[in-house]
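Top line first, the protein sequences correspond to chains A and B. Offset between the first sequence (1-based) and this note's numbering: plus 612. Residue -2 in this note's numbering sits at position 14 of the second sequence; the count goes up by one each step and never skips.
A hint or two may mislead.
Stated by the list, open to error - DSS-like, lysine-lysine: derived pairs with alpha carbons at most 30 Å apart:
hint, chain 1, residue 1, chain 2, residue 2
1, A, Lys903, A, Lys1029
2, A, Lys825, A, Lys903
3, A, Lys903, B, Lys142
4, B, Lys142, A, Lys1062
These are calculated hints, taken from the structure and not from any lab test.
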Amino acid sequence: MRIMIGKIGEWFDHRLQLAAPIREAAEHPVPRNTASWFYVFGSAALTVFLLQLVTGILLALIYVPSAGEAWSSLQALNHQVALGWFIRAMHGWGSNFMVAIVLIHMVQVFLFGAHKFPRELTWVIGVFLLLMTLGMAFSGQVLRFDQDAYWGLGIGASIASRVPIIGPFVVKLMLGGPIIAGATLSRFFALHVFVIPGMLIAFVGLHLLMVLKLGINEWPMPGRIVKRATYEREYHALTRQEGAPFVPYAIWKDLFFAAFIILAIAACASYFGPFGPTGQPDPTIIQTAPKPDYFFLWLYALLSLLPPSMETPFLLIAPPVAILALILLPFLSGEGEKSWKRRPIAVLTVMLIAITLGTFTRLAQFAPWSPKMNAWSGDPVPDRFVHGTTALERQGALVFQVKQCRNCHSLGETGGKRGPSLDAVAVRLTQDQLIRQVIQGGGNMPAYGKNLSPAETTALVAFLETLHPPGQVPARDASRDLALGESSQKSPGTQQ
Amino acid sequence: MSTKPVLAPSSDATVSRRGFFMTLGILFNGFAAMVLAVPVVGFLLSSVTRGRASGYLSWVPLGPVSDFPEGETRLATFRNPYVMPTDGKTVDTACWVRRIAGDQFQVFAINCAHLGCPVRWFQQSGLFMCPCHGGAYYRDGSRASGPPERGLFEYPYKVENGLVTIQAGELPTPGAAIASLTGEKPPCAS
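One chain only, chain A, in its complex shape (with noise of 0.2 Å):
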């Protein structure tokens, strides 16, 4: 039996002509103490990306790319086909695990100083790839053809229309038409299924070979600096005396790391199951606020945070000069140390994205900008509030919540977080500010003077002015009580 494996084996090869190679590959000396855990991300993003080959592969047995059928075809794979609900959760959760570890990766190289000579050329079509992963990532989240990914199409639209002249056809290019609509999803399906994972093979494939003819990244040791002139010789000398066969000295801890990746995404797609469909894709259906799925919060967070006329400056240059940064990183610090013990630039860098982006990510998860839409209806003034009020306060009560006021301010826990809790405003403002700032807004509120009769703002005001803690005083004009005399105001010692 072995001997006949053995000679259709050799019939291949002598074909094929491949063991060769392969073998030289495999069997490729690495530095020892590459063999690390450290060392896994990259393997595991090639395996992550081969399992989303698959499991696209199994979605598009099902799936239909027309803006009329695409959402009732989600439906069909979630409720309708034998475990489609869990091939699109591992596709879902896949791209998750894709997403962050291609960011880990990515910071792992450049803690090791792996994108310095001569790996350059390696970092940066890493970069492509990483660019490629987070087109891969929103053309995704369109296909899954549901409310979120038609207003996020709009949210995309809008972008690219601001730049300078070309914007709206721009647009028309992306959208494929005038609007949103089966085009769209036509060419985001093309983008998705055809044209990025074409690119990505053909890179992963550039980006695997120079691993292979430039070697793996010796540990970087503090002192061992990188010259251009001498490196290369010594590397070679480094895994001459203490390499050791890539297969089976290091590639063991990738085995069981992939396997360990691809058991953490089907444990998490069983348990969570997939993302979505939300809402039908109906654009008269407007109750609905559209958020981006996980990867892309923090630009939601930046979009509200920032100064409106800060914006479009900042959409249009800031990506750009992010890319070209990226890019150039390898060029600028091709040589040097390579250790992150001595490169405390490097490290706070990294430390100071990453922060960045996470508290972006977490504020995006609670949106504390955007309004409570049904807040005015579905929050009441908790009855704390109203205890003990006179008829005329228990009025305004009555008005803040009709006017809305609600989705904006919260009370009580309850309520919008656009504006600030209104739990303590009378601490903050007098009665006159109170007014002023009802009916002129500012600061971010809108104006209520058109909307609110002398007798509406009254009764508003008097319940903002019994909104203070127990035992503090709510704020008084006291130029007012020399002017007007003591009963102008309401003496705050009543209230306590």
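Once you have looked at the hints, place chain B on chain A.
Below, chain B without anything else, positioned relative to chain A:
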């Protein structure tokens, strides 16, 4: 692995017969690529060129004037004039119709002038609010607060045979250089 070139390409300045034909072959392929590029690029850019030539905009009715009580703002829907067979529900578009008085209207796009999310009208406070990044607009569409840099997009409208009709057909975006969406005065209000 052991394939040796049978005929070494001539490296000196003289052009060999085969070298000349190879150059000619490359040029011929370049010509073929150019011929092919014209329809390919034309096809790829069709969504842009179509918009420039005959345009996507046309007049669509929203409903009889009586559907819109004076002094109120109501949601109306219309079917986008440019339709492809696979569009499904995506061609149904919503907009806010404000009837000021008589035949005086304002028709606002549903899309926030910030990033295009659907704004909602709140009758009681007289505000449009956006659920995404918190943009707010007054009843006349002007900016009240939040990240938008301008008021709501307005469709040009006219009242014809008792029908409120708007000129629509394109997704309104902040950068759109279309006169109809730059908040111009309505062309007529007969």
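These are the hints, each one checked on the structure:
Restraint check for lysine 903(A) and lysine 1029(A): satisfied, since their Cα atoms lie roughly 17 Å apart, inside the 30 Å limit. A hinted pair counts as satisfied when its Cα atoms are at most 30 Å apart, and lysine 825(A) with lysine 903(A) does not qualify at roughly 43 Å. At most 30 Å may separate the alpha-carbon atoms for a hinted pair to count; lysine 903(A) and lysine 142(B) exceed this at roughly 36 Å. Our distance criterion of 30 Å between C-alpha atoms is met by lysine 142(B) and lysine 1062(A), whose separation comes to about 28 Å.
Checked against the numbered hints given earlier, this structure breaks hints 2, 3; the rest are met.
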